Amino acid sequence: MEGKIEKKSGIRTNAILLALVSVMVLFEILIRAEGKGSLFAPANISNLINQNAYVVILAVGMLLCILTGGNIDLSVGSIVCLVGAVAGTLIVNMGMNIYLAIIICLLFGILLGAWQGYWIAYVRIPPFIVTLAGMLLFRGLANVILNGLTISPFPENYLRLFTSYIPESDNDALQMTVSLSVAGVICILYVISEIASRKDKIRKGYATESSGAMITKTVLICAFAMAFATLLGLHKGLPIVLVWLAVIIFVYGYFTNRTVPGRYFYAMGGNEKAAVLSGIDTNKVLFFAYTNMAFLSAIAALVCCARFNSATPSAGTSYEMDAIGSCFIGGASAYGGSGTVGGAIVGALLMGVLNNGMSILGIDANWQKAVKGLVLLAAVIFDVLSKKRRKND
Amino acid sequence: MDDIILEMKHITKTFPGVRALDDVSLSVRRGEIHAICGENGAGKSTLMKVLSGVYPFGSYEGEIIYDGKPCAFQSIRDSEKTGIVIIHQELALVPMLSIGENMFLGNEQGTKFNIDWNETYGKADQYLKLVGLHENSHTLIKDLGVGKQQLVEIAKALAKDVKLLILDEPTASLNEEDSKHLLDLLLGFKKKGMTSIIISHKINEIAYCADSVTIMRDGAVIREMTKEEGFDEKTIVNAMVGRDLAHRFPQRVPNIGPVVFEVKDWTVYHPTYHDKKVCNDISITLRKGEILGISGLMGAGRTEFAMSLFGHSYGTNITGHTYINGKEVVMKSPKEAIEHKLSYVTEDRKGNGLILPEPITTNTTLSSLYKIVKKGRKITIDRDMEVNEAKKYIKEMGTKCSSHEQIVSNLSGGNQQKVLLGKWLFAEPDILFLDEPTRGIDVGAKYEIYCLMNSIVEKGKSIIMISSEMPELLGMCDRIYVMSEGRIAGELTHEEATQEKILTMILNSEKGRVNLDGRKD
Chain A
0 MEGKIEKKSG IRTNAILLAL VSVMVLFEIL IRAEGKGSLF APANISNLIN
50 QNAYVVILAV GMLLCILTGG NIDLSVGSIV CLVGAVAGTL IVNMGMNIYL
100 AIIICLLFGI LLGAWQGYWI AYVRIPPFIV TLAGMLLFRG LANVILNGLT
150 ISPFPENYLR LFTSYIPESD NDALQMTVSL SVAGVICILY VISEIASRKD
200 KIRKGYATES SGAMITKTVL ICAFAMAFAT LLGLHKGLPI VLVWLAVIIF
250 VYGYFTNRTV PGRYFYAMGG NEKAAVLSGI DTNKVLFFAY TNMAFLSAIA
300 ALVCCARFNS ATPSAGTSYE MDAIGSCFIG GASAYGGSGT VGGAIVGALL
350 MGVLNNGMSI LGIDANWQKA VKGLVLLAAV IFDVLSKKRR KND
Chain B
0 MDDIILEMKH ITKTFPGVRA LDDVSLSVRR GEIHAICGEN GAGKSTLMKV
50 LSGVYPFGSY EGEIIYDGKP CAFQSIRDSE KTGIVIIHQE LALVPMLSIG
100 ENMFLGNEQG TKFNIDWNET YGKADQYLKL VGLHENSHTL IKDLGVGKQQ
150 LVEIAKALAK DVKLLILDEP TASLNEEDSK HLLDLLLGFK KKGMTSIIIS
200 HKINEIAYCA DSVTIMRDGA VIREMTKEEG FDEKTIVNAM VGRDLAHRFP
250 QRVPNIGPVV FEVKDWTVYH PTYHDKKVCN DISITLRKGE ILGISGLMGA
300 GRTEFAMSLF GHSYGTNITG HTYINGKEVV MKSPKEAIEH KLSYVTEDRK
350 GNGLILPEPI TTNTTLSSLY KIVKKGRKIT IDRDMEVNEA KKYIKEMGTK
400 CSSHEQIVSN LSGGNQQKVL LGKWLFAEPD ILFLDEPTRG IDVGAKYEIY
450 CLMNSIVEKG KSIIMISSEM PELLGMCDRI YVMSEGRIAG ELTHEEATQE
500 KILTMILNSE KGRVNLDGRK D
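Chains A and B, in that order, give the protein sequences.
Position 337 of the first sequence, counted from 1, bears residue number 336 in numbering that gives the first Met the number 0, the numbering being contiguous throughout.
Position 174 of the second sequence, counted from 1, bears residue number 173 in numbering that gives the first Met the number 0, the numbering being contiguous throughout.
Looking at chain A on its own, in the form it has when it is part of the complex (with noise of 0.2 Å):
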């Protein structure tokens, strides 16, 4: 894992994780030391999974408009509400075959955001304006749909899609298997990875880590995985909305760390200009980056339906908000240019354990928020900070 991204904020994405980390280790004290259990049950891991889903969806839409140039997407959480209601009035009320809901939803959403992007893109509308409008235009709408009313409940087949666990078996021992055995293989293929790409640069003759730090990384990581799988073992096994959030980051980090278009994002973010004059479509870039916010804003929709069992009219309330923050406090610059997406879903996880610890301690709702805020802050002067130092060295 070389190359631009990597080098530039990784001093900044190792801080976070760590930040998240030492949050996790906090939580941990105290919790055990009120009696109230663990973080690490794992029964909460796989809450805090299932909770954070839709946080880490918007998240990665989140950070590709916020690389255009700081630009920022409040519509999120209508969109999320208006796909759901459409979700609920085809799927419960029309009892439509829920694949083709399903698609007819993601099309609705790829709609909604070509919208917006138009505007913001083409005619060159602030999106802060746009997507303003659309927040209220998009949550009016759905009340409309909903009249004012939840839909519930989703069919069987549709919660399965994205509430279930793999195995579907109660049997523990299955479980556990399962469980490890996937880490087990991912584990495997990433080792082969890191020997072929190591292999490729010495054949090369490009620079390359020292092997001890690279076995070092390597095993730190397996363990991890490992651990992880272990615990999510002890508890129904692999959440199904797990696999599909690991296709989401799997796709947008390769797009945005290894793709063309991709490196187009970080262009126009750095210096609009210069990338027009190198040939950039840089509407282009900001059309996509919102239909393709509201395309994730879908997918979000899709999977809080499937967790709370319906379609309500208070639903995806503030989520933009989450989505925004998470981007900013895994190191995204407000300005565009620069942020990966593991920054962003380490942020994403961040926001979900200070949430879930919190909860589980039993802190009032509004000290919750106030405590999130003071959260983003904080990230957000380190990173100011820390550029200024490495400026004035």
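Do not rely on the hints blindly, as some may be mistaken.
Said to hold, decoys possible - Simulated restraints on C-beta separations:
id: 1; chain 1: B; residue 1: Val93; chain 2: A; residue 2: Lys368; range: 37 to 45 Å
id: 2; chain 1: B; residue 1: Asp115; chain 2: A; residue 2: Ala377; range: 40 to 48 Å
id: 3; chain 1: B; residue 1: Lys80; chain 2: A; residue 2: Asn365; range: 49 to 57 Å
id: 4; chain 1: B; residue 1: Pro94; chain 2: A; residue 2: Gln367; range: 43 to 51 Å
id: 5; chain 1: A; residue 1: Ser385; chain 2: B; residue 2: Lys68; range: 39 to 47 Å
id: 6; chain 1: A; residue 1: Pro260; chain 2: B; residue 2: Lys326; range: 51 to 59 Å
id: 7; chain 1: A; residue 1: Ile380; chain 2: B; residue 2: Asp264; range: 55 to 63 Å
id: 8; chain 1: A; residue 1: Arg306; chain 2: B; residue 2: Ile317; range: 53 to 61 Å
Hints listed in this document are in silico derivations from the structure and should not be mistaken for laboratory results.
Please read these numbers as outputs of a predicted model, since none were measured by experiment.
Where a beta carbon is used, it is the ideal one built from N, C-alpha and C, also for glycine.
Fit chain B to the given chain A structure using the hints.
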């Protein structure tokens, strides 16, 4: 005998890598109009920024004596207190505020917590009358033309109780009529005892209004002339010229082939002022292996011309034809221009060229990322290939850097320019536009850039070089087009070109235009 209001003694100012001012001394008599002229980068604006406190005391060497007292300005505010007001080339007015509000911005009438608007607008109207601007002081700045905005700036300076007014290229964006009005205004103020320093490229204007002239070149004063000694356009031009051109430019044996690029009847309008022609019916040809120069003063439309050719990246309502190797091509976006093997290396490398917070590698490959895509994959970037290419161009350009991963904002100007050049050579152009390729870089780096240019044309590519430094054009180009006010004023071969001829062409074309305008009106 002479009443000296301002004396600047032995001013030296250095920027990292560049000595912008080298032991410059200047003295201005009370009540005169003192002109400073010289090429771009001669140090005129820097000198005025030292004077007005933009560069605070201590950041330069030498001393400033104003009204008999030594000065140590820390900021513009300090210099304004003593009555020195500078009007920058880019006007510093807030478009969405009214004339009155702008005029007293930072100098508000009334008390801190209660602005006296009657006083503000009342006084503003008086100052507007003084500068001969017939506008209501409630009018918003954005509704005024550039000429009137310039007058508002002057009125604003008057409101600050100005004793020494400095104007940096005040007429650069004005038409003849507005320019004349402005100069006459200065002459009027002179009668009332005000002192002005005017920086201008337009030699005819200097000859018209100035009492004394200081000519600068390469950060040093070359010559001073006063009205008593007598000067005219010709003596100014002569004084500006006269540098040893030998050994500053690497030798090259031109190997010039057939015409590769031709532009016919190219007309471009200003993107915001739709009735203003920026390029007016331009036709040029470029041959294989040729370095073609485009000379002209600031605002002549050279950059705009090049950018509009490069995939319509400037201007609106563009008409005209472009031919590559005899075939007509239409390039409506930078992408299409790059595909037709054109490259444009911008004059503004920080604003339009490089992505400063990114490393050399990603900057180098940005202009044609698809060239580093993995074989058989549509969009996946091959990092190793990218690093290899970046290293290749670092070596070829002789860029001095710690590694290919170095962030470009940490490089010196000359090295940034090399990265930018490498970026556009990576696109493998046949026709390369170089817009002020040596602006703001030191002499050594300039020589290296010249050598690179020679090696580029030796490979059979062609270069169009835009430069405000005439010696550079004379030293490097096989042929030079002279541009003035959006038109081609003439064409000179390497052998016939001299600075005098270029300046004369520009002067003649400007005079011609005045006459034409006069007849029209």
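Quick rundown of the hints versus the structure:
no., hint, in the structure
1, B:Val93 / A:Lys368: 37 to 45 Å, "holds, 39 Å"
2, B:Asp115 / A:Ala377: 40 to 48 Å, "holds, 45 Å"
3, B:Lys80 / A:Asn365: 49 to 57 Å, "holds, 52 Å"
4, B:Pro94 / A:Gln367: 43 to 51 Å, "holds, 45 Å"
5, A:Ser385 / B:Lys68: 39 to 47 Å, "holds, 45 Å"
6, A:Pro260 / B:Lys326: 51 to 59 Å, "violated, 31 Å"
7, A:Ile380 / B:Asp264: 55 to 63 Å, "holds, 58 Å"
8, A:Arg306 / B:Ile317: 53 to 61 Å, "holds, 55 Å"
When each numbered hint is compared with the structure, a violation occurs for hint 6 only.
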